[in-house]
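A.B. asks: Read top to bottom, the protein sequences are chains A and L. Take 1 as the starting number for the first sequence in the numbering used here and just add one per residue. Take 1001 as the starting number for the second sequence in the numbering used here and just add one per residue.
These are computed hints drawn from the structure, not numbers from a lab. Here the structure is a predicted model, which is why all the values come from computation and not from measurement. Among the clues, some could well be false.
[Stated by the list, open to error] If you anchor each label on the Cβ, the simulated ranges turn out as follows:
1) L/SER1132 - A/ALA208: 49 to 59 angstroms
2) L/ALA1236 - A/ILE167: 45 to 55 angstroms
3) A/MET163 - L/HIS1074: 25 to 35 angstroms
[Stated by the list, open to error] Pulled from the structure, derived: some chain A residues nowhere near chain L, Cβ distances all over 10 angstroms:
4) PRO59
5) LEU105
6) MET131
7) LEU140
8) MET177
9) LEU215
10) THR217
11) ALA218
12) LEU231
13) LEU259
C-beta: ideal position from N, C-alpha, C; glycine also.
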Amino acid sequence: MELIDHYAYNNKLRAVDPVYKAGLALMVLALCLLLNRPAVGLLAVCWMGLLSTAVAGLPIRVFGGVLFAEGSFLLLAVAGLAVSVGVGSADGVAGVGWTVQLGPLWLASSPASISTALRAGTRALGGAAAMNFLALTTPLVDLIELMRRLRVPAILIDIMTLMYRNIFVLLESLERMHTAQDTRLGYVNFRRGMASAGVLASRLFIDAYQRGQRLQTALSSRGFTSDLKVLPINYDSDWRIIVLGAAVAASLTSVWVLL
Amino acid sequence: MSPLVELESVRFRYPGQEEPALNDVSVSLVRGQKVAVMGRNGSGKSTLFLHCNGILKPESGTVRFDGHPISYRHRSLLALRQQVSIVFQNPDDQLFSASVAQDISFGPLNLGMTPEEARQRVQEAAELCGASDLLDRPTHALSGGEKARVALAGVLAMEPAIILADEVTASLDPWMRRQMFEIFERLVEQGKTVVLATHLAEVARNWADTLVVMDEGKVIAADAPGCIFSDEALMARTRLNEPWYTPAASVTG
């Protein structure tokens, strides 16, 4: 998560208005869902990779790495679509396709099920790539800002603001406490490790609660009334994103029509 | 010189505590002065600060700002907190936003400023605190010293008359600490009052115009640092260490 956060703050599209980036990503996601063909999903992955690396300047290793991690999970999920598993004899399994007997189990697959898996897998991968593009180029602060502009209720905005900030604060506490336990051999073996982790978790709850109270005091001192008023952030507009977005939409649609 | 913030016979107990956190405290914070507050951990320094801007309300006694007893009505408190600012010891307790610029803009916007005015205030405060180049950085990527400067900027953007800083220099390296004091110096030049809770005797002696000493919820001395450090009975009681490097200065007042 810290890696994604780091690149979200350090890429060439950082200053671009989040409305462009979110608009593009959501459009690609929608197209992947609507135009249900493997080629569309794969093309979407290529486009998002190109935008993330060539336009936003992210290392290809980062974009690829994140996508690979998601792809691995996806593979496990679609494997179930492609292959059916059963107990007993494979003889009773009807339909076209292939069956394999593995001791008491049988595995079965067919062109139809593989096609279904491929469609679902590429579609999901394309959508994931679109979301990765957004996540890797846009810090959460900017997404929250976008939601503020879209008139999402202030209470939700405030909760997101505080949660996002406190993730890092609590993560720091967690690391400090863990190191402190570790230096006193709190994780010397499994038993002690479980006990230490339990203490750590309960201590973190107390820590979060006390922090919340101190934050309340500090905010009150600065004139907090009902909601967390902050300045809107100024962004650059970027016509390239619109042009590229149109190109992406056109190519995805033509691939769907032509193939 | 007239007192800006004045506590008179203030008594306060935290809920569920037997011992009062403030026990009959009377102290004046004089306009335009540099004030150091010393005292052991738990002696009531933070509690004292929280009374100055009305976060805590005394059980008995009076808190005055600019000669008038403070009112604890909502609107009056907002006006008071614009004038009386607290910088907290741990910047992470104060910085609520992952965006530095947005965090600093919080106070000015609470005062009902327009976005343009607030933006101006953010720029000025950041510049004063040497945080101009931090405005676009995420809060969680800042170092401790940078966070401390941003926290201070967030308070200064409200242009308070008095800044109560609760051990803000405690965790800073010597260079950062020095920069912090340079900022305090500029604030005092602007006519503001700076109150600093500290454990450093050298700070109290060399920087402060007035030293307030607290012990077990009481203000046991408030005077020029020289007078306090030369009071042997007081030193024996409080164990505020003699500054080791200027022994000769201990007789001047």
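A.B. asks: Next, verify each hint and record whether it holds.
C.D. replies: Tested hints:
1. L/SER1132 - A/ALA208: 49 to 59 angstroms: Taking Cβ atoms as reference, L/SER1132 and A/ALA208 lie about 32 angstroms apart, which means the hint is violated.
2. L/ALA1236 - A/ILE167: 45 to 55 angstroms: Taking Cβ atoms as reference, L/ALA1236 and A/ILE167 lie about 49 angstroms apart, which means the hint holds.
3. A/MET163 - L/HIS1074: 25 to 35 angstroms: At 27 angstroms between Cβs, range holds.
4. PRO59: Nearest chain L Cβ is 19 angstroms from A/PRO59, so the label holds.
5. LEU105: 49 angstroms, holds
6. MET131: 20 angstroms, holds
7. LEU140: 7 angstroms, violated
8. MET177: 15 angstroms, holds
9. LEU215: Nearest chain L Cβ is 6 angstroms from A/LEU215, so the label is violated.
10. THR217: 6 angstroms, violated
11. ALA218: 4 angstroms, violated
12. LEU231: 4 angstroms, violated
13. LEU259: 43 angstroms, holds
Hints 1, 7, 9, 10, 11, 12, counting from the list given before, are not met by this structure.
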